[in-house]
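Student: Kindly generate the complete structure, drawing on both the sequences and the hints.
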Amino acid sequence: MALLEVEKLSKSYGSNTAVAEVGFHIDKGETYGLLGPNGAGKSTTISIIAGVLKADSGSVRIDGQEHGVSNAATKGQIGFVPQELALYPDLNAWDNLMFFARLYGLSGAKARSRCGEILEIIDLTDRAKENVSTFSGGMSRRLNIGVGMLNRPRLLILDEPAVGVDAQSRNAILESIQRQAADGVSVLYTTHYMEEAERLCDRVGIIDSGRIQAEGTQRELISQVGEDDTIVLSLGGGKDRAVRALKELSEVREVSVEGSEVRLLLKDARSVIARILEVVTASEAVLRSVEVQEPDLEAVFLHLTGKALRE
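For the record, in the sequence shown the residue sitting at position 44 is 44 according to the UniProt record's numbering, with numbers rising by one throughout.
Because the hints were derived from the structure by calculation, they are not lab data.
Mixed in with the good hints, there may be bad ones.
DEER-style ranges, computed between Cβ atoms [unchecked claim]: (1) 240 - 8: 55 to 65 Å; (2) 270 - 136: 36 to 46 Å; (3) 236 - 182: 37 to 47 Å; (4) 38 - 102: 32 to 42 Å; (5) 184 - 102: 22 to 32 Å; (6) 184 - 95: 22 to 32 Å; (7) 57 - 99: 32 to 42 Å; (8) 8 - 304: 15 to 25 Å; (9) 129 - 85: 15 to 25 Å; (10) 137 - 15: 28 to 38 Å; (11) 89 - 57: 32 to 42 Å; (12) 259 - 89: 55 to 65 Å.
The calculated EDC-like cross-link candidates involving lysine to aspartate or glutamate, where the alpha carbons are at most 20 Å apart (straight line), are [unchecked claim]: (13) 267 - 294; (14) 28 - 5; (15) 267 - 291; (16) 8 - 63; (17) 28 - 56; (18) 247 - 268; (19) 267 - 227; (20) 247 - 229; (21) 247 - 278; (22) 8 - 66; (23) 8 - 21; (24) 75 - 123; (25) 75 - 5; (26) 267 - 254; (27) 267 - 298; (28) 267 - 278; (29) 8 - 215; (30) 267 - 229; (31) 267 - 248; (32) 54 - 5; (33) 75 - 27; (34) 75 - 90; (35) 28 - 202; (36) 8 - 56; (37) 28 - 278; (38) 247 - 291; (39) 247 - 284; (40) 247 - 261.
Beta carbons are placed, not taken as given, at the ideal position from N, Cα and C, and that holds for glycine.
Tutor: The structure is reproduced here in structure tokens:
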């Protein structure tokens with residue numbers, strides 16, 4: 001059952017259309033990614049969904065209830081983590097969390113308990129009494145996410161939360177989000193990093209120029225654009241016999257050879273790989289290595305929009 005339903009959402013600024021009839025849904029406990037380059041309409045879309053920006057047209061429903069900037073009941077079910085840091089640098093991590101907990105209506109023992117839980121989730125318990133002004137970018141980002149989780153949201157919205165941080169901090173951020181999803185929280189995650197979407201998201205909506213160009217699981221998106229998988233074999237003696245035999249396989253669409261490397265184009269390589277290895281073994285070729293290369297979301301985005309994801 002859908003927790004979030006978005007229908008024909010549109011927003012313009014003068015003659016500039018930021019969002020054009022965007023529609024998608026997120027099921028309970030699902031992580032949905034909006035994948036697109038900067039300026040694609042991701043931030044505008046989620047700002048409307050979070051209830052901080054009014055749409056020109058379209059609708060948003062949370063668990064079947066109409067949702068908008070003035071609906072406090074549905075807003076209370078959302079945790080929103082903006083791309084910009086919403087923290088007080090002169091306060092320590094604990095005091096920041098306590099301040100925002102009070103804004104959420106938590107106080108006393110409940111506030112202290114929840115702030116303690118959040119510090120554990122974002123792995124900052126040992127830095128709780130340090131001023132945020134001394135934090136690294138990654139630590140600040142993690143605390144920013146923690147603030148968005150204080151109210152135990154049913155829908156957690158994150159606008160590129162890992163942008164501009166080092167690899168270790170990015171991994172910590174993604175792990176904390178995965179833990180929320182494992183606990184049944186629905187997640188709406190925007191990014192222009194393909195690898196983040198692949199790691200986190202059950203389904204992905206590819207957005208460009210304010211429109212959803214396609215959506216689905218990674219494999220569904222790849223199948224929509226007809227991309228082939230590639231198997232790369234490094235062969236020694238007996239290579240020519242192996243190549244002739246591989247060309248006879250109905251599953252193999254194309255075989256190319258460059259030096260010791262043999263590249264096979266085909267659909268669903270993982271279901272065929274065992275047969276490929278049988279043929280190579282039967283030809284008595286020396287197999288040095290094998291690699292399966294599956295199309296990724298970057299390739300899908302390029303196919304759909306004619307440009308690279310990070311342009």
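Student: Each hint needs a verdict: does it hold in this structure or not?
Tutor: Structure-based check of all given hints:
no. : hint                  : verdict
1   : 240 - 8: 55 to 65 Å   : holds, 58 Å
2   : 270 - 136: 36 to 46 Å : holds, 39 Å
3   : 236 - 182: 37 to 47 Å : holds, 45 Å
4   : 38 - 102: 32 to 42 Å  : holds, 34 Å
5   : 184 - 102: 22 to 32 Å : holds, 26 Å
6   : 184 - 95: 22 to 32 Å  : holds, 30 Å
7   : 57 - 99: 32 to 42 Å   : holds, 36 Å
8   : 8 - 304: 15 to 25 Å   : holds, 20 Å
9   : 129 - 85: 15 to 25 Å  : holds, 19 Å
10  : 137 - 15: 28 to 38 Å  : holds, 36 Å
11  : 89 - 57: 32 to 42 Å   : holds, 39 Å
12  : 259 - 89: 55 to 65 Å  : holds, 56 Å
13  : 267 - 294             : holds, 9 Å
14  : 28 - 5                : holds, 11 Å
15  : 267 - 291             : holds, 15 Å
16  : 8 - 63                : holds, 18 Å
17  : 28 - 56               : violated, 27 Å
18  : 247 - 268             : holds, 17 Å
19  : 267 - 227             : holds, 8 Å
20  : 247 - 229             : holds, 16 Å
21  : 247 - 278             : holds, 14 Å
22  : 8 - 66                : holds, 14 Å
23  : 8 - 21                : holds, 4 Å
24  : 75 - 123              : violated, 27 Å
25  : 75 - 5                : holds, 14 Å
26  : 267 - 254             : holds, 11 Å
27  : 267 - 298             : holds, 18 Å
28  : 267 - 278             : holds, 18 Å
29  : 8 - 215               : holds, 15 Å
30  : 267 - 229             : holds, 6 Å
31  : 267 - 248             : holds, 15 Å
32  : 54 - 5                : holds, 16 Å
33  : 75 - 27               : holds, 17 Å
34  : 75 - 90               : violated, 28 Å
35  : 28 - 202              : holds, 12 Å
36  : 8 - 56                : holds, 10 Å
37  : 28 - 278              : violated, 44 Å
38  : 247 - 291             : holds, 18 Å
39  : 247 - 284             : holds, 16 Å
40  : 247 - 261             : holds, 15 Å
Violation of the numbered hints given earlier is confined to hints 17, 24, 34, 37; the remaining hints are satisfied by the structure.
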